[in-house]
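Construct the entire structure; sequences and hints are all you get.
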Amino acid sequence: MKPAPFVHHSPRALDEAVAVLAEVGHDGKVLAGGQSLIPVLNMRLAQPAHLVDINRVAGLDTVTVTDTHVRVGAIVRHAQLEKHDEAYAVLPLLRQALRNVAHPAIRNRGTTVGSIAHADAAGEMPSVAVVTDAVIEAVGPRGRREIAAGEFFEGPLQTVLEADELVEAVRFGRLAPGTRTTFVESARRHGDYALAGLGLAVDVEGAGADAVVRSARASYVSVTDIPVVVDLTDAVAGQPVSSPDWSAVEDLVQAAIAPEADIHASSDYRRALAAELTRRALTSLTTETIESTGGAA
Amino acid sequence: MTDLDQTAPATVDVTLRVNGVEHTRTVEPRRLLSDFLRHDLRLTGTHVGCEHGVCGACTVLVDGDPMRSCLMFAVSAQEHEITTVEGLGTQDSMGPVQQAFVECHGLQCGFCTPGFVTTITAFIAENPDPTIDEAREAVSGNLCRCTGYQNICKAVVRAAEITRERADEDGAR
Ligand SMILES: Cc1cc2nc3c(=O)[nH]c(=O)nc-3n(C[C@H](O)[C@H](O)[C@H](O)COP(=O)(O)OP(=O)(O)OC[C@H]3O[C@@H](n4cnc5c(N)ncnc54)[C@H](O)[C@@H]3O)c2cc1C
Ligand code: FES
Ligand code: FES
Chain A
1 MKPAPFVHHS
11 PRALDEAVAV
21 LAEVGHDGKV
31 LAGGQSLIPV
41 LNMRLAQPAH
51 LVDINRVAGL
61 DTVTVTDTHV
71 RVGAIVRHAQ
81 LEKHDEAYAV
91 LPLLRQALRN
101 VAHPAIRNRG
111 TTVGSIAHAD
121 AAGEMPSVAV
131 VTDAVIEAVG
141 PRGRREIAAG
151 EFFEGPLQTV
161 LEADELVEAV
171 RFGRLAPGTR
181 TTFVESARRH
191 GDYALAGLGL
201 AVDVEGAGAD
211 AVVRSARASY
221 VSVTDIPVVV
231 DLTDAVAGQP
241 VSSPDWSAVE
251 DLVQAAIAPE
261 ADIHASSDYR
271 RALAAELTRR
281 ALTSLTTETI
291 ESTGGAA
Chain B
1 MTDLDQTAPA
11 TVDVTLRVNG
21 VEHTRTVEPR
31 RLLSDFLRHD
41 LRLTGTHVGC
51 EHGVCGACTV
61 LVDGDPMRSC
71 LMFAVSAQEH
81 EITTVEGLGT
91 QDSMGPVQQA
101 FVECHGLQCG
111 FCTPGFVTTI
121 TAFIAENPDP
131 TIDEAREAVS
141 GNLCRCTGYQ
151 NICKAVVRAA
161 EITRERADED
171 GAR
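Protein sequence lines correspond, in order, to chains A and B. With my numbering, letter number 201 in the first sequence gets 201, and the count goes up by one each step, no holes. With my numbering, letter number 173 in the second sequence gets 173, and the count goes up by one each step, no holes.
Hints were generated in silico from the structure; no laboratory data involved. Computed from a prediction, not measured in an experiment: that's the story for all the values here. Cβ coordinates follow ideal geometry from the N, Cα and C atoms, glycine included. Heads up, a few of these hints could be off.
Unchecked claim - Partial list, derived from the structure: chain A residues whose beta carbon lies under 10 angstroms from chain B:
hint: 1; residue: L37
hint: 2; residue: A102
hint: 3; residue: A237
hint: 4; residue: G238
In structure tokens, the structure reads:
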């Protein structure tokens, strides 16, 4: 199908985009990569009268790495962030997660910030946002505000963003030095939306055969309504890396998530899958020796 | 910034560079790039299967990178260089990917083929010597209802080979 007619606005500067959105936001939508919005328009699940296309707005296409975070502008494509070596060096979780976001052709156009604004519970980057304590930089007619990722998501496809606000950038927080991360998921085909998945950050103390887990945090994909951080520390703290026992993890994970059933999998299947993926992720992280160079935070 | 195009024209002039040639047409902003190519430019090599990004038949190259033309508006594609399957070779002078599809029987009905050809062209530009597993991964975002994919994966590896052979021939000349 084809989209219903709309007025296309193509601002070149951020203040212009904000001004347009202030006037039409109530009956308009921000258009970033369009990889979620255009399918919705094509299927006529939404018919906004205005689209504020931010692709030409100057200054939104940069990735900046600082001591405390990786700041990603609103028009940075998934593929651009995935290939960003400096961002990978300081926060490997970004690339680890992005490799699971759709297929390359979608990643070439879709934006990381757009996927966070879209707030799909099956999206990888919203879950990375919460587990890295990201900050959402929003701007609107009432000025700028910063929203902690943990307070940004309200429900499936719902955020605290007002209709006349747009996200200028997201700052992903760098993790403590030595934190090990991974992103694992299970999808019917690599690149499809996952049946379940998680981003995991593990802190290990000591080295070699004496190393033990100090703490672990995970955030899940497709098994919670909104991305939330599940602190696994109680179930894993003190486990020796050389011969860990993850049996306490299962109960903790299963209690923390509430998967919906759909045509692809039942709720129980997803619950069991999430627990198993958590165990596998923990094992891979505690047996691997690669460590992320953490930030100053 | 108050004159807010509530009265914006219902149509806009869109100028696109496709396969190296510039075209201007007057269309509605809601014109998808896929429809602009097919209906307005009559470049019907780009196929449309699902119109929500899933099948990959409509994949074109935007500045060399594969993207779904059904998930882009023509008006947004203006600053970019678009390459469609028509730009990747002709029947008499096939591009390496097209040649490989012929040799490996990588197509049956051919509906999905343009999307594969564009996707694989970009893939082998970055991965000149892929393994069969890498080839399978590279085409995982495109659907084919006929072939069962095995021959398409072989065609990816063969296309890379042909590309290298042709480069050697050019170098030797
Ligand atoms: C076939 C297919 C498979 C996919 N698979 C996956 C997957 O496995 N995992 C995954 O995470 N995603 C997947 N996606 C979605 C993809 O990641 C999108 O790129 C992403 O969800 C949205 O980013 P976008 O830039 O395309 O946003 P758009 O589609 O342009 O916008 C999405 C929504 O967010 C709003 N928005 C966008 N940017 C801003 C902003 N800066 N400020 C305020 N609001 C904004 C828009 O108004 C709209 O409501 C898939 C998409 C397709 C078509
Ligand atoms: S028609 Fe564009 S992906 Fe199917
Ligand atoms: S050859 Fe028929 S769909 Fe692929």
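Status of each hint after checking the structure:
| no. | hint | result |
| --- | --- | --- |
| 1 | L37 | holds, 9 angstroms |
| 2 | A102 | holds, 7 angstroms |
| 3 | A237 | violated, 37 angstroms |
| 4 | G238 | violated, 39 angstroms |
Violated hints, listed in ascending order, are 3, 4; each of the other numbered hints is respected by the structure.
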